[in-house]
Each structure stands twice: as structure tokens, then as C-alpha cells.
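Colleague: Throw the hints in and build the complete structure from the sequences for me.
Residue numbers (full-length UniProt numbering), protein chains in the order written: chain A, 1 to 396; chain B, 1 to 396.
Be a bit skeptical, because a hint or two may be false.
Note: identical chains are not told apart, hence a pair may lie in one copy or across any two.
Below, simulated DSS-like cross-link-like pairs (lysine-lysine); rule was C-alpha separation at most 30 Å, straight line [as the list claims (entries may be wrong)]:
#, residue 1, residue 2
1, K260, K379
2, K38, K316
3, K81, K55
4, K296, K351
5, K262, K318
6, K345, K134
7, K379, K151
8, K228, K262
9, K345, K325
10, K155, K379
11, K345, K392
Since the hints were derived computationally from the structure, they do not count as laboratory data.
Number of protein chains: 2
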Amino acid sequence: MAAPKQVRWGMMATGGIVRTFAKDILLDPSTRNVVDIKHVITAVASSSSLSSAQKFISEVVAPVQSTPSCTPYGSYEDLVKDPNVDIIYIGTPHSHHFQNAMLALQHNKPVLCEKALTVNVAQAKKLYQTAKEKGLFFMEAVWTRYFPISKTIRKHIMDNDIGEVVRVSSDMSIGAVPEDSFAVDHRMVNLDLAGGCLLDLGVYSLTWAFQTLYHTLSPSLREQDRPKVVGATMTFEPRTHADESTIILLEFPKSTPSGKTKAHAVATTAMRVSDDPARGRGPEVEVPTVRVQGEKGEIQVWGPIYRPTRYRLVPKDKGQEVIDKTFTFEAGAHGMMYEADAAAKAWLEGKLESESMTWQESILIMEVMDEVRRKAGLKYPDDIETTEYPVKLKGR
Amino acid sequence: MAAPKQVRWGMMATGGIVRTFAKDILLDPSTRNVVDIKHVITAVASSSSLSSAQKFISEVVAPVQSTPSCTPYGSYEDLVKDPNVDIIYIGTPHSHHFQNAMLALQHNKPVLCEKALTVNVAQAKKLYQTAKEKGLFFMEAVWTRYFPISKTIRKHIMDNDIGEVVRVSSDMSIGAVPEDSFAVDHRMVNLDLAGGCLLDLGVYSLTWAFQTLYHTLSPSLREQDRPKVVGATMTFEPRTHADESTIILLEFPKSTPSGKTKAHAVATTAMRVSDDPARGRGPEVEVPTVRVQGEKGEIQVWGPIYRPTRYRLVPKDKGQEVIDKTFTFEAGAHGMMYEADAAAKAWLEGKLESESMTWQESILIMEVMDEVRRKAGLKYPDDIETTEYPVKLKGR
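Modeller: Here it is in C-alpha cells:
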């Protein structure tokens with residue numbers, strides 16, 4: 001058997017999400033039956049301090065990876081120039097993604113960029129246009145789509161196990177009273193960091209709507225007609241005016257190739273209330289937070305929907321058995337390695353995009369979020385809405 | 001103890017809902033601890049055939065009620081002229097309510113009229129205006145509001161047991177593929193009978209939104225500001241163009257007197273999918289179909305929400321116990337006697353309306369349904385949308 005191909009990652013930022021991502025990709029891929037690739041981390045950069053990068057390496061990388069060596073950087077500019085990096089993982093706040101991703105692309109580095117991809121669709125389009133012109137792989141890091149549970153659910157839908165899907169509800173709400181839980185400069189509520197529910201949490205509600213009502217169609221059907229925002233509303237955090245609750249009502253042209261009718265999704269997200277206040281009290285009290293409703297039955301998913309482990313398929317026909325399945329992650333894994341595997345494979349194959357999170361669909365979801373903000377009246381500061389590059393933002 | 005006061009009902013129509021209503025009100029009120037009133041049925045009318053009324057009396061009334069006697073009529077005109085009738089119960093299709101209710105009011109009869117009250121708000125307003133001018137009791141028969149479970153849930157909210165309520169979802173969907181379940185002339189899909197989800201089923205979804213986000217406020221607060229329809233969408237039954245699925249996104253100004261933020265409701269209704277395809281498989285599989293989400297916890301209600309029996313209160317604080325309560329009806333009762341008791345008491349007290357389903361709130365809900373139809377593009381035939389009276393409709 002050929003030796004696994006090595007993919008050399010550069011980490012842009014050193015915060016919690018990058019730490020989780022790095023730990024996940026350094027796990028032995030064979031534990032998840034991946035034998036053809038191997039992830040290594042060859043560089044880590046903090047925007048402001050070399051010591052943060054050094055600390056990250058000594059705490060996260062060095063204990064697992066003896067070779068190759070991993071270089072610390074005190075600036076992102078240095079990171080993207082490193083010839084020993086194949087692909088950059090961007091784990092900065094979404095307010096900074098556009099500038100960060102442009103920096104990588106301008107230096108001819110492929111990118112895996114955290115969601116929400118950007119703060120508006122104009123930025124997303126410019127990134128994809130740049131990646132296309134330069135022939136560089138680019139992917140929005142919507143990890144949830146790459147989970148085995150997500151693939152299984154999409155397969156149920158495509159296999160017609162619940163019939164034509166006509167309604168989906170999905171909720172990602174954290175049950176944290178913002179005035180008590182977040183200081184005004186916290187990422188969740190600070191408009192300078194594009195804070196609020198929609199981009200941080202609502203993107204998962206949209207992910208579930210799109211991956212069950214749209215991504216289950218063939219690419220050609222997807223492009224024939226587009227989902228539209230029928231209604232959207234927000235309430236605003238009293239101190240900062242970030243959205244603390246957002247509800248999106250969407251109409252999808254069809255959900256199955258032979259669809260008889262349109263389909264609808266209600267995507268919700270909130271801080272002040274929880275998608276399931278019973279979570280942790282056990283399965284007899286917990287409730288599903290995604291419901292994919294079809295003519296022949298329903299798929300229910302328990303939250304938090306960014307990292308769900310349990311789904312249930314309830315056939316309408318009482319003679320058919322209910323499927324109730326809980327997934328587990330490989331020992332120690334959080335779940336981000338699946339998207340990394342997909343990114344690495346696509347890049348190795350010379351592709352520019354990943355088929356489970358295409359550029360076209362990323363753009364569509366950004367368009368939906370733009371439209372929701374427009375309808376509800378939410379703008380971010382000019383320097384993070386701009387498509388000018390480079391613009392120096394407060395370091396992240 | 002004084003003898004219970006007798007209230008003499010006249011039944012307008014002889015269909016299934018009237019049968020259920022009649023059976024319920026003929027149950028001994030003391031089984032539900034009501035000792036001050038007694039319901040009797042003194043007349044029953046079918047619009048087309050005396051024999052239907054006779055059959056109804058022999059099957060439903062006579063086996064229970066020996067005195068007073070009950071008169072059958074072959075027309076509604078005869079019924080409303082009967083001096084031995086105190087109050088008319090209207091159980092015709094909602095397409096016919098306006099004409100039927102006007103007939104009763106014109107003959108100075110108080111009315112308990114099934115929901116949806118009318119097909120549009122103009123009709124509803126004209127009925128209330130007529131009732132007011134004539135000093136007659138009039139009530140929309142939203143039975144669910146009068147259930148002990150509904151009162152208990154409203155009390156939880158008013159007692160602040162789940163804190164400020166900021167989001168409600170409620171669903172009433174029957175899981176019946178219309179092409180398979182209903183002939184094109186069936187009440188559920190026939191536009192001549194104002195068929196479709198919204199007026200028949202969606203009114204319950206709105207009931208739950210309104211009774212948890214609006215009716216829990218004091219009357220003066222309710223009138224300060226009004227809920228608004230933020231978005232609405234429908235899909236249409238392929239054969240008849242009646243709505244087979246409707247989603248309504250509503251914004252409420254506040255949900256508690258000290259409310260910090262606005263509140264939202266998502267009210268859904270559909271034929272093709274079910275609000276819970278697991279219903280009947282047991283509590284470990286069934287899911288709630290109303291969720292009333294507050295800052296301190298959540299109230300969940302299991303459907304069908306027109307006649308729910310189970311609710312659960314899940315406090316956000318894991319140290320507090322979950323309340324899980326199932327209500328039962330008195331032996332043989334379906335649940336319509338509670339609204340009849342309320343109507344009878346209010347009428348006996350000389351009131352024109354019932355405080356749990358005020359004219360103001362009935363009108364508001366009709367306005368919401370008008371707005372939803374306008375946004376989604378659904379009109380009924382002119383003769384059932386009209387506020388002219390009398391208009392001879394196809395008999396019901």
C-alpha cells in the first residue's frame with residue numbers, strides 16, 4: 001500500500017476553534033478509516049504575538065507531531081509566505097475572514113476558512129473569484145456537513161425514505177441571557193466583530209435547511225431555481241444592537257427531483273432562549289431541534305446542531321420501525337477532521353472546491369444572510385463590510 | 001343551594017362537530033364541578049332536511065335529555081325564530097358562518113360560532129358590530145382556550161415560571177396527502193367552502209401563539225400595540241389551489257408587562273406532513289408540537305393542539321424539577337363543554353363577550369389570517385368573502 005499523502009497545514013490564529021481543529025487533524029486518520037492522507041501542521045501564526053504561536057505549538061502540535069517541524073509566526077503575512085505550508089486554515093472571527101482569506105489567496109495559498117465565510121456576499125464572491133483566477137482550492141469550513149450523521153441523513157432523503165420533504169425547521173439557540181453572559185466587547189455581541197446570532201449560530205440553522213432541502217438535489221437541479229427569503233425578523237441585544245434572535249422563513253423550489261410542491265424552511269437562532277433547555281437531562285426529556293418533514297415520515301436531529309450525534313427517523317406508517325441512532329466520534333475527536341479530510345483530498349486531486357460545500361451554495365447562503373439583515377435592518381461597521389483589500393482591521 | 005340555571009341551546013347544523021358539542025354539553029356539569037348552570041338542547045336544525053334534525057335528536061339528544069323537549073327544524077330560519085332557544089351554536093363550515101351568524105343576530109339570538117369565525121375580518125367586524133348594536137352575546141368557539149390545560153399554561157406564563165417569553169412555535173399539521181385523502185369537493189380542499197389549512201387548522205396554531213404571547217398580557221397592554229405578520233407563505237393543493245401548507249411568522253410587541261424585548265411566533269399548519277408522525281407510538285417517541293420559550297425555561301405541549309392533554313415545563317435551571325402533566329377529560333367528554341360553560345355563564349351575567357376569547361382578539365386573529373392570505377395570494381369566491389347579507393349560499 002502506498003504511503004499516505006501528507007498535507008501541510010498552516011494555522012491562521014491560535015484561539016479555541018483553531019486548537020480544536022489542530023487536535024482533530026493530528027489524530028491518526030486510520031482511526032476513521034482514512035488511509036490515503038495524513039495531516040501535518042507546519043506553521044502556526046498569531047496576528048500579534050510570536051509567543052502565542054509558540055505556546056500553541058508546544059501545547060497542541062509538539063506533543064503529537066515529531067516531524068516535520070512546525071514554525072511559529074507573529075504575523076499572518078509571514079505565515080502565508082511559508083513555502084512549507086500547502087493550505088491555510090483560517091480560524092479568526094468572521095468579521096476578519098475577508099481580509100485574512102484575501103491575504104492567503106494573494107500569496108497563492110489554498111484556504112479552508114471558518115464559517116460564516118464572510119460578513120456579506122460581495123466579500124464571498126470576491127474571494128471565490130480570486131481563488132478561481134489563481135486556480136486555488138477554497139472551502140468554507142462547515143464541518144457539520146462532513147459528519148457521518150449528516151451524510152446518513154442526506155442519504156435517507158435522497159433514497160426517498162421520508163418521501164418528498166416539504167418542511168424543515170432547524171434551531172440553534174444557546175439559552176444565554178446576553179446581558180449576563182457576554183461583556184459588550186465579546187465576539188457574540190460586538191458589532192465590530194460582526195457579533196450576533198445570525199452569522200455565528202444561524203449559519204448552522206441554515207446549514208440544516210440547505211443540506212436537507214437543497215443539497216440533496218443534483219447540482220443541475222440546484223441551479224435551475226433558487227431558494228428565497230419569504231420573511232425574516234430579528235430582535236436586538238439591548239446594549240450593542242447585535243441580533244440576539246433571528247427567524248428566517250425560506251421557500252425552496254422543490255426538495256426532490258419529482259417534487260409535487262414547494263418546500264419551506266424555518267431557520268431560527270437566539271441567545272436568550274435555548275433550543276433545548278432539557279439538554280443533559282437525558283433522552284426521555286430532550287427534544288429534537290431539527291425536524292425534516294416529508295410526506296412519508298420525518299427525520300429528527302438532536303442538538304446542538306453544529307455537532308449533533310443523534311437522529312431519529314419516524315415513518316408515518318406505524319407498521320414501519322422507527323430508526324433511532326446515536327453516532328460517536330473516534331476517541332478524543334471533536335469532529336473537525338472530516339472537513340479537513342475532504343479539503344485535503346479535494347486539494348490533492350487538484351479541485352478548487354469541495355462538493356459538499358460548493359462555492360455556489362456558500363454564496364447562496366451568504367445571499368440569504370444579506371437579505372435577512374437587509375429585511376431586519378442590521379449593518380456592520382464599514383471596514384468589515386468592505387470588499388476593499390487590504391484594509392487594516394483591529395488585530396485578530 | 002339554588003337550582004342550576006338552565007341555558008337552552010339551539011343547534012345550527014347536524015354534522016360531526018355539532019354532534020360532539022351536543023354530547024359534551026349534555027354531560028352532567030357536576031362531573032366537572034360546575035353546579036350553577038345546566039345546558040339543555042331545545043332545538044336542532046338542518047339546513048336542508050327535517051329528517052336530519054330528527055335523526056340527530058333521536059340519536060344524540062333524546063337518549064340523555066327527557067325534558068324539556070327538543071324541536072327539529074328543516075331550516076335555519078325556523079331555528080332562529082324559536083322562542084324556546086336562548087343561544088345558537090353554529091357548527092356549519094366557516095365559509096357559511098357570516099351568513100348563518102347574521103341570521104341568528106338579526107333574530108336577536110346570542111351566538112356561539114365555531115372557528116374560524118368568518119373567512120375575513122370585514123365579516124367578523126360586521127358580526128360584532130351587529131351583536132353590539134343589538135346587545136347580544138357573541139363568541140368565537142375556540143374551545144381549546146377554555147381547557148384546564150390551557151388555563152394552567154397561561155397561569156405559568158403569567159406567574160413568570162418561564163420568565164419573559166420570547167419565542168413560540170406551534171404546529172397543527174395532519175399528515176394527510178390531500179390527493180389521497182380528500183375528494184376535490186371535500187371541506188378541507190374545496191375553495192367554495194373556504195377549504196385549506198389556514199382557516200381550518202392554522203387557527204389553532206394562531207390560538208397557541210396568541211394565548212401564550214398576547215392573552216397573557218392585561219387587556220390594556222394588549223391594546224397598546226399589536227402583533228404584526230412579518231412573513232407568510234403557502235403552498236397550494238395541486239387540484240383545487242386551497243392552501244395545503246401555511247407558515248406564518250409573527251412579531252409581538254412584548255410578552256410580559258416588563259418585557260425587555262419583542263417576541264416572535266412561528267405558526268405552521270399543513271396537510272401533507274404531520275406535526276408528529278410518532279403520535280400513538282408512546283411518550284418516548286412523541287414530540288411536542290407547541291414550544292413556548294422563555295428566558296427561564298420552556299413549556300412544551302403535545303398535539304394535536306386543538307385538544308392537547310399533555311404539557312411539560314422544562315426549567316433552564318437544571319436544579320429545578322421538570323413538570324410533566326397529563327390531563328384527562330371527564331368520562332365520555334370530548335372537551336367542548338368548557339367553552340359552553342363559559343358562554344352560558346357570560347350570557348347569564350349579561351355580558352356580550354367572553355373574556356378568554358374577546359371580540360378584540362378574534363378580530364386581531366382574523367386580521368392576521370387576512371394578511372397571510374393577502375401576502376400568499378389566496379382568495380375565496382366572492383359570495384363567501386362578501387359582507388352583504390343575506391346572500392343565499394349553497395346549503396350547509
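Colleague: Work down the list of hints and note, for each, if the structure agrees.
Modeller: Structure-based check of each hint:
no.	hint	in the structure
1	K260 <-> K379	between (38 Å within a copy, 22 Å between copies)
2	K38 <-> K316	neither (44 Å within a copy, 43 Å between copies)
3	K81 <-> K55	within (21 Å within a copy, 90 Å between copies)
4	K296 <-> K351	neither (37 Å within a copy, 49 Å between copies)
5	K262 <-> K318	within (26 Å within a copy, 41 Å between copies)
6	K345 <-> K134	within (19 Å within a copy, 78 Å between copies)
7	K379 <-> K151	neither (35 Å within a copy, 42 Å between copies)
8	K228 <-> K262	both (11 Å within a copy, 25 Å between copies)
9	K345 <-> K325	within (28 Å within a copy, 53 Å between copies)
10	K155 <-> K379	neither (38 Å within a copy, 39 Å between copies)
11	K345 <-> K392	neither (33 Å within a copy, 72 Å between copies)
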